[in-house]
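Fit chain Y to the known structure of chain R by using the hints.
There are 2 protein chains.
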Amino acid sequence: MQKDPVARLPEYLEKISFELDRCIDFWFKHSHDEINGGFFTCLGKDGSIYDHTKYGWLQGRQVWTYARLYNSVKRFQRQDILEAAIKGAEFLSQHIKNKETQKCAFAVTKSGDPIKYQRTIFTECFYVLGMSELFKASNSDHFKQEAIEMMSTIVHWLKDDDSYLGNLALKSDKSISSLANPMMLMCLIDQMRSTIPEIATKYEKLEDECCLEILGHIQRNHSVVLENVSYDFKELSGCQGRLMNPGHTIEAGWFLLRYAELKNDNTLKNTALEIFLEATFFQGWDNENGGLFYFLDVDGFSPTQLEWNMKLWWPHCEAMIAFLLAFKETLDKKFLEKFDQVFDYTMKHFCDPEYGELFGYLSQEGKISMNFKGGPFKGCFHVPRSLMMCERMLNQIMDQGKNNN
Amino acid sequence: MQKDPVARLPEYLEKISFELDRCIDFWFKHSHDEINGGFFTCLGKDGSIYDHTKYGWLQGRQVWTYARLYNSVKRFQRQDILEAAIKGAEFLSQHIKNKETQKCAFAVTKSGDPIKYQRTIFTECFYVLGMSELFKASNSDHFKQEAIEMMSTIVHWLKDDDSYLGNLALKSDKSISSLANPMMLMCLIDQMRSTIPEIATKYEKLEDECCLEILGHIQRNHSVVLENVSYDFKELSGCQGRLMNPGHTIEAGWFLLRYAELKNDNTLKNTALEIFLEATFFQGWDNENGGLFYFLDVDGFSPTQLEWNMKLWWPHCEAMIAFLLAFKETLDKKFLEKFDQVFDYTMKHFCDPEYGELFGYLSQEGKISMNFKGGPFKGCFHVPRSLMMCERMLNQIMDQGKNNN
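As you go down the protein sequences, you meet chains R and Y in turn.
Here the first sequence stands for residues 1 to 405, where the numbers follow UniProt numbering.
Here the second sequence stands for residues 1 to 405, where the numbers follow UniProt numbering.
This is chain R alone, in the form it adopts within the complex (with noise of 0.2 Å):
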């Protein structure tokens, strides 16, 4: 008989600890480069190096992560994680961006030469991201700058002018709402909330904006979250406009719940509760093999993307979160059911007890596809913000358990 999943929240949190502390240890010994400056993020299954290229992404992503849990986690308040988070920050404003446009590269080499620049504002997110975060540990107003200047621009671009893009952009593809931009926004904004909080307020609108654009990607008669949809709100033609990405949307969910419960906006709290999670995670998961698909069709098609139904790390990470939060929200078991369920699935599969850190990437099987523990898109980033998150919420959901009694 499957065991109550609120008698094993102490199990959950125990599990989840070890986890985090496996994972930090994991990054802290195996990707900082002592002598460039900067994080290797391409380490094997035992964290030995397979590649040195340095990822734009990945950079502002670590830098976030070792300032975030500075500046949350009592136990990782150590001065060696502030100042590695310090010296990537450096990495990244000397190496990653450009200081005459601005624009950051997707990659560059060990030393920080410039290999490659993505049409688009993630590297720059990701910059804000960790510079906004790490202000906040080292109370440095360089970093503070930093942040606020490239937030700026990056508003600036998606705003007024894309040539950022670069000369082969084009009218036809503006006409799309991705989730990613609006997500990525309203995740800035939320993180200057925390750090640079005259920022969030400026942004407020931008803010609204932003939630309003992601429940426009509601279609079907509110069944179903699409990733691509008009700027109008209606549903694209062809493969973009029926694709569906699961993790992404639960995701989206729970960056909406957050905003509601900022808001204390019940009727956005049931749409990111009903839509964004129950309905996706019904539609996502694989009752065949288990774990959630990487993208669908709405309407059964192939997606064309060749990776469509692999099990990948971050959509299990993005679902704990999700849904222990809504649990938490709601004191509804049938959210701790779901978080047990994804729990299981990601402990099982993508874990190793050997040298910590989860893999990325398994078949629709459920097989290891890739046996590396960080690579081009992977690093020290959404395992443990996921991990962090969890164990602050456990650790509040049992505090209130105990108050109750």
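Hints are computed from structural coordinates only; laboratory data are not their basis.
Given the structure is predicted, the values throughout are model-derived calculations rather than measurements.
Same chains, same names: a pair is fine if it fits in one copy or spans any two.
Calculated cross-link-like contacts (lysine to any residue; reagent style SDA-like; alpha-carbon spacing at most 20 Å):
1. Lys367 to Asp286
2. Lys116 to Gly241
3. Lys367 to Asn287
4. Lys367 to Gly290
5. Lys116 to Ser178
6. Lys234 to Tyr50
Below, chain Y without anything else, positioned relative to chain R:
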């Protein structure tokens, strides 16, 4: 007991001709946009359209396929095939090509509005391929001029000025020789030889340079062909440097084999046979499940491409051409045995007895992973090119056999 592959020659021929007919029927019946012109390529298992986006690579390639069939396979010398090729070429020159810049769109809407441009030369190369073959079929000077003009634009971009890449292109990217560029150019110049010979003559020196650049990808004491090397033919560090793409290398192998035949160059011939074909096949074949891996790392690390262990249709199409050509050139049975192995895997796993054409994407274990026949990267090209070339070679081999008896 395994049947002697020489005894199977008539069986191969029969199956290949049968599949070629079904393949062309499939595209002819389902892919033509009678209203806007151009070809739909997002076609499901039964040919039904699941997306109306038109892809620049695949427009050029389908024009080439139709024109080549018209020019070289008697039963396809049909007026309706020539007309379909001409209509495709009109869509290419009117909608895929930007008349001011010559830059070709990677994707356009069904009515021809641009959606995306790539920072590469490939759409432009397939433009040349289609136009030059169609000139031969139609004898219309217009298509000849289109081919010549685009060819000279491509060479100008590659040699003098790559601002076409967009303003996010970067010096550091350019220090890498990827197998694709010299292969593509060699393919175009070879194409010119049979269609616009004066252009082939003009680019003779470039063709030699391309051949040398491809040979520069042979690394590690002549044991392996790597996808990316430096321009002075040294191994690059990291994943990029260690990357192998067996299907691509085998394709390069038959390009070299043709070139060796033209130049009467036995050393080149042996290099193509021993390294590009035999060694690569040995490294790239999945002994456990059958089929060629998509990507491998020469040191056995996990490639970072999520699809590394999938089995794609086109490497198998290329391997069929390569090993049959090798057998035809040498009459060494070991090459026919490899052809036999690839033929059997292909017909067993990729074929669709119900609707014709091949499926494109299998899991490592050989399960169909995407159930469509065409998509953003799979059109009317690799399958018919392989089948028409194999059909012709099988006829030649069997005729030769008869003459020798």
